[in-house]
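Colleague: Here is how the chains run, residue by residue.
Protein chains: 2
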Amino acid sequence: MTLAEENYLKAIYHLENQSSNDVSTNALAEEMQTKASSVTDMIKKLAEKNMVSYIPYQGVTLSKAGRAHAVKVVRKHRLWEVFLLEKLNFSWDEVHDVAEQLEHIKSEKLTDKLDEFLGFPKVDPHGDPIPDKHGHIEKIDKTSLTDAQEGVTYVCVGVHDSSSDFLKYLDANHISLGTTIEIIHKEPFDNSVKIKFNDAELVVSENVAKNLFLQEVSHNS
Amino acid sequence: MTLAEENYLKAIYHLENQSSNDVSTNALAEEMQTKASSVTDMIKKLAEKNMVSYIPYQGVTLSKAGRAHAVKVVRKHRLWEVFLLEKLNFSWDEVHDVAEQLEHIKSEKLTDKLDEFLGFPKVDPHGDPIPDKHGHIEKIDKTSLTDAQEGVTYVCVGVHDSSSDFLKYLDANHISLGTTIEIIHKEPFDNSVKIKFNDAELVVSENVAKNLFLQEVSHNS
DNA sequence: AAGATTATTTAGATTTGTCTAAACTTTTAA
DNA sequence: TTAAAAGTTTAGACAAATCTAAATAATCTT
Chain A
1 MTLAEENYLK AIYHLENQSS NDVSTNALAE EMQTKASSVT DMIKKLAEKN MVSYIPYQGV
61 TLSKAGRAHA VKVVRKHRLW EVFLLEKLNF SWDEVHDVAE QLEHIKSEKL TDKLDEFLGF
121 PKVDPHGDPI PDKHGHIEKI DKTSLTDAQE GVTYVCVGVH DSSSDFLKYL DANHISLGTT
181 IEIIHKEPFD NSVKIKFNDA ELVVSENVAK NLFLQEVSHN S
Chain B
1 MTLAEENYLK AIYHLENQSS NDVSTNALAE EMQTKASSVT DMIKKLAEKN MVSYIPYQGV
61 TLSKAGRAHA VKVVRKHRLW EVFLLEKLNF SWDEVHDVAE QLEHIKSEKL TDKLDEFLGF
121 PKVDPHGDPI PDKHGHIEKI DKTSLTDAQE GVTYVCVGVH DSSSDFLKYL DANHISLGTT
181 IEIIHKEPFD NSVKIKFNDA ELVVSENVAK NLFLQEVSHN S
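Protein sequence lines correspond, in order, to chains A and B.
The first sequence begins at 1 in the UniProt record's numbering and counts up one residue at a time.
The second sequence begins at 1 in the UniProt record's numbering and counts up one residue at a time.
One or more of the hints may lead you astray.
No distinction is drawn between identical chains; accordingly, a pair holds when it is met within one copy or between any pair of copies.
[What the hints assert, rightly or not] PhoX-like cross-link-like pairs, simulated, lysine-lysine; straight-line CA separation at most 20 Å:
1. K186 / K196
2. K87 / K113
3. K35 / K45
4. K133 / K196
5. K186 / K142
I should point out that these hints are in silico values taken from the structure, not numbers from a laboratory.
Produce the complete structure using the sequences and hints provided.
Modeller: Here it is as C-alpha cells:
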C-alpha cells in the first residue's frame, strides 16, 4: 500500500463510520481535499487490489482486507498521538498533524513496541479508542453534551471535532478529558448549556456542546 | 524537499565524507541502488533548487543549503535510532531500517522534543555523532582496530559497517559500544588481531578489525 | 415522466521519479 | 596520441497520482 492508497482507505473508513451508506465519490473527494475524478481513478485501483468493492455510480465500501489495513493505520495514528502528548509533551491540538505522517511508518514491530512502551493505552488524546494488535476496537459509550440531562453529573471522555481551534477553546476554558461536569441548565432558545466544573460555571454554545462527549458518572460498575 | 530528494542529499553527504573528491554519478547510482541516468536527472533537479553544485561529467557537491538539509536528515535518523534502541528495546542491528523511514518525518518540534526526551545523546547506537539542533557535529576521535597498537588498551566507540550481519557477529561475541579491549597480538601474515576483553581472548579477522572503531583509554583528560 | 440539476466517469494532459538504449565525454593504455 | 574502455548524459517511455474539461448517468422537480 502506498501512502496515497493508505490515506484513501483511512478516509473511506472514517466516512463509513459516519453514515452506514456506501461512500460516495464526492464525499471522498471532499474528505481528501481533491477532485472527484482523482477519486474515481484511485477507487478503481483499490478495487483492483481487492481493498474496496466498487460499483460505478453507486459508491464504495471497504473489503475485509481494506478495513483491516485502515484499522492498522488508525491504530498507528492514535498510538503516536499518545506518544507525542504523554512522552514529548505536545499539546492535544498539536498531535494530529505529526501523527498524520507517523501513521505511515511500516514496521509491525515498531507499532507493537510503541504500544507496549505506552502501557497499552485504550484511547487517544481525543478520547477515540485505539485498536489493539489484532484490530479489535473497544467501543466507548459516550453521549454528546447536547443530549445530557439537567442535574446529572458526567465525565468528559472525548471530542468529536479535533480541530486545533476547538481544542484550544477547551484548553482556554480548562476542560480536558477526565473533567467532571455537572449540567446546570439547558437553554431551549439557542440550545446553549450552562455547566459547572471545578467549582466554576460556564455557558457553552450548541456548537461546543455538540462536539463534547460525556459519560454519565458512577451508579454503574 | 521530497523523500527522494532527501535520500539523494543524504547519499551525497555520506559519499563526500568518505573521499573529499566530487561525488561521481556512478558512485551515487551505486549508493542509491539505481541507474546512472536516474541520478543525472535528479542531480539536475537538485542543482535547480540550489541544493548542490553540478558540473556535467565532473560530479556533484552539496551547497551550503544542501549540506544543512542533509545534516538535518542525519540528525533525525540517529535520534530515532537511539529512541528505538533505548526506549523500545530494539537491538542495534534492527534500528537502521526503521530509522530510514522515520528520518523523513517533517516537524522540527518533534525532532527537538525527541532530542530532549532522549537526554540530548551525543552518539547513535553505532557510535556515530548526532548533530545538534544547529547542525553542529562533535567530531569523535577514533582509531580503527587495524591501526591499534599491541599492548595498549582501548574502548570500543563505534562501527564502520553497520550491516545487520556485522552487528550480529559483534553481539554473538559480546562486543558492544563501551567494551574495553586490550590488543594482545597483531598477526602480520593475515592482519588478524588477537584481543582480550571481559577476561576472554578472541582472534578477529582483518575484515572485522577494519570495521571496529576504538579510542585509547585513559592517560588524557 | 421529461427536462433540469447534480453526481460521476472518461479522456487527455501534467509532474515526479524511474528505466533502457543510444549518444557523447573523459580517461586509460598501447 | 589515438583507439578502446569506462563513465556520463540525452532521448524517449512508463507508472503513479493528480488535474481540467467533456461526456454520461442518476436524481430531483414539477
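Colleague: When Cα atoms must be at most 20 Å apart, do K186 and K142 count as within-copy, between-copy, both, or neither?
Modeller: within (19 Å within a copy, 72 Å between copies)
Colleague: Check K133 against K196 for me: Cα-Cα at most 20 Å, and say if that holds within a copy, between copies, both or neither.
Modeller: neither (39 Å within a copy, 45 Å between copies)
Colleague: Classify it for me, K87 with K113: is the Cα-Cα distance of at most 20 Å met within a copy, between copies, both or neither?
Modeller: both (15 Å within a copy, 9 Å between copies)
Colleague: For the identical chains here, do K35 and K45 meet the 20 Å Cα criterion within one copy, between copies, both, or neither?
Modeller: Within one copy only: 16 Å inside, 28 Å across.
Colleague: For K186 and K196, with the copy left unspecified, which applies at a CA distance of at most 20 Å: within, between, both, or neither?
Modeller: Classified as within: same-chain Cα gap 12 Å, cross-chain 79 Å, threshold 20 Å.
In terms of the numbered hints stated before, the structure departs from hint 4 and from no other.
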